[in-house]
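Enquirer: Each chain sits in its own coordinate frame; assemble them with the hints.
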Amino acid sequence: MSWWLVLWLSGGAYALKVLGLVVLGGRQLPAVVNRCLALIPAALLAALIMKDTLTAGQEIVLDARLAGVSVAAVATFRRLPLTAVLVLGVGSTALVRAAAAVV
Amino acid sequence: MSLPRVPHDMRDVVRASVVIGVASGIYAVSFGVLAVSAGASVLQTCLLSLFVFTGASQFSAVSVISAGGSVASAVSGGLLLAARNGVYGLALSPSMKGSLAKRMLAAQFVIDETTAMTSAAPDQRSKDWAFWSCAVMLFTCWNLGTLVGALAGSSIDPETFGLDAAFPVVFVAMVAPHLSTRSGRRAAVIGATVTIVLTPFLPIGLPILLSAVGVFVGLVSHDGDGPRVEAP
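Chains A and B are the protein sequences, given in the same order.
Those letters in the first sequence? Residues 128 to 230, per the numbering used here, in order.
Those letters in the second sequence? Residues 4 to 235, per the numbering used here, in order.
Next comes chain B alone, as it looks inside the complex (with noise of 0.2 Å):
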């Protein structure tokens, strides 16, 4: 791959972006093709792409709502899912330097890749370059993703193609970094337990919001420690 404008010590950084792009393009495409699929039109897709920019929340509030799930369940469980970027920010925070709009222009890149990318990188420097070509990359290719995928989606029956088990087929791929620690295991066990005894109860969403107890297996296990950052 010929990289001319990027310095010459910068290029393996660049590449790592240009590969977790393309890597982000193809979770875009099934998104745009689900989105569709679940009511959503061709512009609200790509709305939700350019703005929401984070992933495991856009599936999984496409997925609520694709079940009869209300508005405000969906919404919620997405951001549940998101609160991890706020995280994210705070340990990006000290190597984010520049002025408040460049700052508020940052902020939404701040997801799992950039950070991973971010964090792993030695000096500022690096850090400047890890950041902002992997935000480029993942930016440009997620939207042209969602676009390719939305524009295909309305033309295809579901499932007949078997799309209806794309969303928990991207959700498996989405939490196997996270079952590499015992208590992300426990987490994971729990969620799933409470959403399927609780799912024959209550309205469409609530038990997934609920999965969320899960989480205080954080307040006896000690194996985690920190936002984790899968490497790229």
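For reference, chain A alone in the conformation it holds in the complex (with noise of 0.2 Å):
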């Protein structure tokens, strides 16, 4: 991996922590920004979920993946621990691929 993603990576966040907590530091920010900063994670993190689950480069793939993040979604939705979403999203992709392979 490029040393330049850590470099950018690392200052860049670290910049953004401190453009919040010391430079600009207690100024309130206009609501309707605050509103959109705010849907930042629900809109990328749908798209990384798409882009991790259908997708292979730049081509759309069904494969067990899909079925994976789908016990995932569900284990989610019933409030399951997070060591118990991870695990079962995982090893259902892994069973799934496993039993596609003998088949």
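Derived by calculation from the structure, the hints in this document are not laboratory data.
C-beta atoms are modelled at their ideal positions from N, C-alpha and C, and glycine is treated no differently.
Do not rely on the hints blindly, as some may be mistaken.
[Stated by the list, open to error] Okay, the calculated bits of chain A under chain B, using three or more residues with CB under 8 Å as the criterion:
id	stretch
1	156-162
2	171-179
3	188-201
4	209-222
[What the hints assert, rightly or not] Calculated Cβ distances over 12 Å to all of chain A for the following chain B residues:
id	residue
5	VAL9
6	HIS11
7	ASP12
8	THR48
9	ALA123
10	ALA124
11	ASP126
12	ARG128
13	SER129
14	VAL139
15	LEU147
16	THR163
[What the hints assert, rightly or not] The calculated label-pair distances, taken between Cβ atoms and stated as ranges, are:
id	chain 1	residue 1	chain 2	residue 2	range
17	A	GLY184	B	LEU103	44 to 52 Å
18	B	ASP160	A	LEU193	17 to 25 Å
19	B	VAL192	A	GLU186	43 to 51 Å
20	B	PHE204	A	LEU193	34 to 42 Å
21	A	VAL150	B	SER183	26 to 34 Å
22	A	GLN155	B	SER183	20 to 28 Å
23	A	ALA211	B	ARG185	23 to 31 Å
24	A	LEU222	B	LEU103	48 to 56 Å
25	B	LYS105	A	GLY184	18 to 26 Å
26	B	VAL200	A	PRO157	26 to 34 Å
27	A	THR210	B	SER73	27 to 35 Å
28	B	SER183	A	ALA211	32 to 40 Å
29	A	TRP131	B	ASP12	25 to 33 Å
Expert: So this is what it looks like as structure tokens:
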């Protein structure tokens, strides 16, 4: 992996934290800006789920990952603890993949 | 659990920090495994957790790289996700007293969990305990977990164990609290749709950045004022 990634991500992430806590400190952003910023995780995490479940490179691919992520989604919805969600999601992906290889 | 040197009235706060720390350690182990599988060295993986220290951004960047995306798209996606820490900093700064050096150090620990714990604390003394106990526990567990995962990750084949699904599984757990508001759900649907529709036509990583158009739901919708902070 490129060292540039480590450098830029480390520097950028820290700069954003310092910007809020130390540089701007205590000021109010307009409510509409706050609302939009608060929605970044919802939009980007949902996008990342799609990318990591349904794509390989630039292609749309349906494989064992979809089964695992569906199981994880149900487990999250049922409020199972994080460890259970991870084990169930990853484990069912491995199971479906192994089963598909046998069939 | 015995916490001998913690004042009696602060024990609940410190216990909550321990629980949050341990949970984050589990995320961190999976991060270590995935980063190494994506081609990072053990050293690079550990440096990411030490210096970036904001989980969603780390996972996102490694996920883009492992799919073959460019450094630029991996970094910009990660930093978009890190922008909320700046907003958290704004919210925490009135209760963050002390020298410039202390606040510069504190800044590194301004993330989802510390913000949630600190905002929930009723007075200045509890806020200090909440912030610093959560910061110390999280930072310790996050980095230890990363090291364990990175060392284990180099000796296993990720696909055999279904670990390629660990990225989206972690993201599912992370996105869940953000779907409790209508605007959160709308932003998620837009982000997901944009990514799937654009993936065949654009370089890897770019659809993720463009999915951020989902945040413009916030221009018209009013149900999620201010930065969203989950209860610990």
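Enquirer: All the hints need checking, so say for each whether the structure fits it.
Expert: Each hint, compared with the structure:
no. : hint                               : in the structure
1   : 156-162                            : holds (count 5)
2   : 171-179                            : holds (count 9)
3   : 188-201                            : holds (count 6)
4   : 209-222                            : holds (count 11)
5   : VAL9                               : holds, 25 Å
6   : HIS11                              : holds, 29 Å
7   : ASP12                              : holds, 26 Å
8   : THR48                              : violated, 9 Å
9   : ALA123                             : holds, 17 Å
10  : ALA124                             : holds, 17 Å
11  : ASP126                             : holds, 18 Å
12  : ARG128                             : holds, 20 Å
13  : SER129                             : holds, 19 Å
14  : VAL139                             : holds, 17 Å
15  : LEU147                             : holds, 16 Å
16  : THR163                             : violated, 7 Å
17  : A:GLY184 with B:LEU103: 44 to 52 Å : holds, 47 Å
18  : B:ASP160 with A:LEU193: 17 to 25 Å : holds, 20 Å
19  : B:VAL192 with A:GLU186: 43 to 51 Å : violated, 22 Å
20  : B:PHE204 with A:LEU193: 34 to 42 Å : violated, 22 Å
21  : A:VAL150 with B:SER183: 26 to 34 Å : holds, 31 Å
22  : A:GLN155 with B:SER183: 20 to 28 Å : holds, 24 Å
23  : A:ALA211 with B:ARG185: 23 to 31 Å : holds, 28 Å
24  : A:LEU222 with B:LEU103: 48 to 56 Å : holds, 54 Å
25  : B:LYS105 with A:GLY184: 18 to 26 Å : violated, 46 Å
26  : B:VAL200 with A:PRO157: 26 to 34 Å : holds, 31 Å
27  : A:THR210 with B:SER73: 27 to 35 Å  : holds, 34 Å
28  : B:SER183 with A:ALA211: 32 to 40 Å : violated, 21 Å
29  : A:TRP131 with B:ASP12: 25 to 33 Å  : violated, 48 Å
Comparing the model with each numbered hint stated earlier shows that hints 8, 16, 19, 20, 25, 28 and 29 do not hold.
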